[in-house]
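A.B. asks: Modelling step: build the complete structure from the supplied sequences, incorporating the hints.
Residue numbers (the numbering used here), protein chains in the order written: chain A, 739 to 1013; chain C, 739 to 1013.
Keep in mind that a hint or two might mislead.
Pairs involving identical chains hold if they fit within one copy or between any two copies, as the list cannot separate such chains.
[Stated by the list, open to error] Pairs of lysine-lysine, BS3-like flavour, derived with a Cα cap of 27 Å: (1) Lys852 / Lys885; (2) Lys945 / Lys773; (3) Lys945 / Lys848; (4) Lys807 / Lys978; (5) Lys848 / Lys885; (6) Lys990 / Lys978; (7) Lys875 / Lys773; (8) Lys852 / Lys875; (9) Lys990 / Lys807; (10) Lys852 / Lys978; (11) Lys971 / Lys806; (12) Lys945 / Lys806; (13) Lys852 / Lys971; (14) Lys806 / Lys978; (15) Lys945 / Lys990; (16) Lys848 / Lys978; (17) Lys807 / Lys971; (18) Lys773 / Lys978; (19) Lys945 / Lys758.
It is worth saying that the hints were derived from the structure and are not from the lab.
Small disclaimer: the values here were computed from a predicted structure and weren't measured.
2 protein chains.
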Amino acid sequence: MSGPVALICGEGRFPLVAAKAAQQGGREVFLLALKGVADPGVENFPHVWLGVGQLGAALREIERAGAKKLCFIGGLGRPEFADLRPDWGAIRRIPEILRLLKGGDDHALKGVIKLFEQEGLEVIGVESLAPQLVAAKGAMNRLALPKNFAEDLDFGRACLSAMSAFDVGQGLVLNHRRIVALEAAEGTDAMLERVAHLRDIGRWRAKPPSGFLIKAPKQGQDLRVDLPAIGPKTIAAAKKAGLCGVAVEAGKVLVLDRDEVAAQAEAAGLFFYGF
Amino acid sequence: MSGPVALICGEGRFPLVAAKAAQQGGREVFLLALKGVADPGVENFPHVWLGVGQLGAALREIERAGAKKLCFIGGLGRPEFADLRPDWGAIRRIPEILRLLKGGDDHALKGVIKLFEQEGLEVIGVESLAPQLVAAKGAMNRLALPKNFAEDLDFGRACLSAMSAFDVGQGLVLNHRRIVALEAAEGTDAMLERVAHLRDIGRWRAKPPSGFLIKAPKQGQDLRVDLPAIGPKTIAAAKKAGLCGVAVEAGKVLVLDRDEVAAQAEAAGLFFYGF
Chain A
739 MSGPVALICG EGRFPLVAAK AAQQGGREVF LLALKGVADP GVENFPHVWL
789 GVGQLGAALR EIERAGAKKL CFIGGLGRPE FADLRPDWGA IRRIPEILRL
839 LKGGDDHALK GVIKLFEQEG LEVIGVESLA PQLVAAKGAM NRLALPKNFA
889 EDLDFGRACL SAMSAFDVGQ GLVLNHRRIV ALEAAEGTDA MLERVAHLRD
939 IGRWRAKPPS GFLIKAPKQG QDLRVDLPAI GPKTIAAAKK AGLCGVAVEA
989 GKVLVLDRDE VAAQAEAAGL FFYGF
Chain C
739 MSGPVALICG EGRFPLVAAK AAQQGGREVF LLALKGVADP GVENFPHVWL
789 GVGQLGAALR EIERAGAKKL CFIGGLGRPE FADLRPDWGA IRRIPEILRL
839 LKGGDDHALK GVIKLFEQEG LEVIGVESLA PQLVAAKGAM NRLALPKNFA
889 EDLDFGRACL SAMSAFDVGQ GLVLNHRRIV ALEAAEGTDA MLERVAHLRD
939 IGRWRAKPPS GFLIKAPKQG QDLRVDLPAI GPKTIAAAKK AGLCGVAVEA
989 GKVLVLDRDE VAAQAEAAGL FFYGF
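C.D. replies: Printed below as a string of structure tokens:
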């Protein structure tokens, strides 16, 4: 008996789907639902509600549940220190936490992992908790790839990789080696809305469907905390942006749920590919 | 007598200001105003109206005016081939033009220069036509730089420089080494609107004023055609985005007009710096 896996649950339905998938895979779960952030559906699982700043309480609950493994799932936004309402367990660690909150997201997340590891917990990635929720390798639906796909994919991946050094950029949209949009703090869906707008105002005039989204984790990003994710909203936004497809890094991008998203993309005329 | 300088005039008031500044500097000008693009104010100068695709006519008019030097000024957007309505002089060069329209903006612009150079014209940059319209080195107003300025400037410039290899990125917004927004096809002003929005929705929560805009030409960009530009709209957008300043590459970013923009920035509480 290794006890349950503790899931620290951020926004959206990802945590619920992951929890369910883990159970279906025969693992016991214990959900730490972040107040004001996590979906109320957490209450269908063994759970406890906690404030983002209640680090001390979180550690006590994890210990009480007998969990040795911990998995972060679901976005958190980027909390301001003032919103954290730290408990004593957090206050004790304020110097570390302040250090963590400087720099890019990735830097902060690595710090959060370290904080839990220092308490003797093993932090695992959701891809080991529920492998069926990450992108597969190769074509995930039946649509043909565009002629320029391989070249554009190489070009776009190289650009994302160059941006990684600056702790930014999990996504971009390009067409024939022209980069139309680069993702920073706005997130993928907002970037895709921008692309739709650039088309509406005639600032990007390639005839739709054309161009595709590439999404991958930043290099050096700690995949145990925040795999980038796509879901039905992303596909709908890509369709609205007039794209011809979506390419994501296999095994390193959450897809909720994989079969459903692949089928939805196909119905929308979008290829869906894992590289 | 070297004859007038031919100015190919794109959008906005930049071409007019540059033409006036060149005249004040004792140079004769001849404006080739692009139909549907250039400001009607071109009619205050010796000029002719031409369609974007009328390359043959442009070359004839330049010759008739006795101009040996040519300067491109003002944005053009990115014309679709269908909008170009080529004349015979352009049709003759279609294979070259098609080659030019592939790849990023920079690639296309270099090709346009070559097209004119092949006709024996010297293509000059606006900074040699009207030096008072480009950013100066150092502080351009009296506001203090933020504490983290030097470090953030180095970080942001390195990021822009890495993006240059992908023919993208003339601007970004960052704060304490966190890159909040990266500019691609949307342009600087739209990027700044996005930053304002990210603040409104709480996705970027650093207390304003904070963060600054860095703007520079892409490395390897041909500065004879398209210096990046900022003006009163950029400053107003930076203010609205809650930034604390604007840093631009000295000598390589058009500022219309420099003293006015510097003063406007100061009044808005924004430092204005040339690196």
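A.B. asks: Against this structure, judge whether each hint is valid.
C.D. replies: Hints and how they fare:
1. Lys852 / Lys885: Cα proximity of lysine 852 and lysine 885: none, with 44 Å in one copy and 29 Å across.
2. Lys945 / Lys773: between (45 Å within a copy, 23 Å between copies)
3. Lys945 / Lys848: between (42 Å within a copy, 24 Å between copies)
4. Lys807 / Lys978: Neither way: lysine 807 and lysine 978 sit 40 Å apart in one copy and 45 Å across, limit 27 Å.
5. Lys848 / Lys885: between (39 Å within a copy, 26 Å between copies)
6. Lys990 / Lys978: For lysine 990 and lysine 978, the Cα distance is within 27 Å only inside one copy (25 Å; across copies 37 Å).
7. Lys875 / Lys773: neither (36 Å within a copy, 50 Å between copies)
8. Lys852 / Lys875: Answer is neither: 30 Å inside a copy and 43 Å across each miss the 27 Å cutoff.
9. Lys990 / Lys807: within (20 Å within a copy, 54 Å between copies)
10. Lys852 / Lys978: neither (40 Å within a copy, 38 Å between copies)
11. Lys971 / Lys806: Neither: 34 Å inside a chain and 55 Å across chains, both beyond 27 Å.
12. Lys945 / Lys806: Answer is neither; intra-copy 53 Å and inter-copy 38 Å both fail.
13. Lys852 / Lys971: neither (32 Å within a copy, 45 Å between copies)
14. Lys806 / Lys978: Neither: 44 Å inside a chain and 48 Å across chains, both beyond 27 Å.
15. Lys945 / Lys990: neither (31 Å within a copy, 33 Å between copies)
16. Lys848 / Lys978: neither (34 Å within a copy, 33 Å between copies)
17. Lys807 / Lys971: Answer is neither: 30 Å inside a copy and 52 Å across each miss the 27 Å cutoff.
18. Lys773 / Lys978: Classified as neither: same-chain Cα gap 33 Å, cross-chain 32 Å, threshold 27 Å.
19. Lys945 / Lys758: For lysine 945 and lysine 758, neither the intra-copy (42 Å) nor the inter-copy (39 Å) Cα distance is at most 27 Å.
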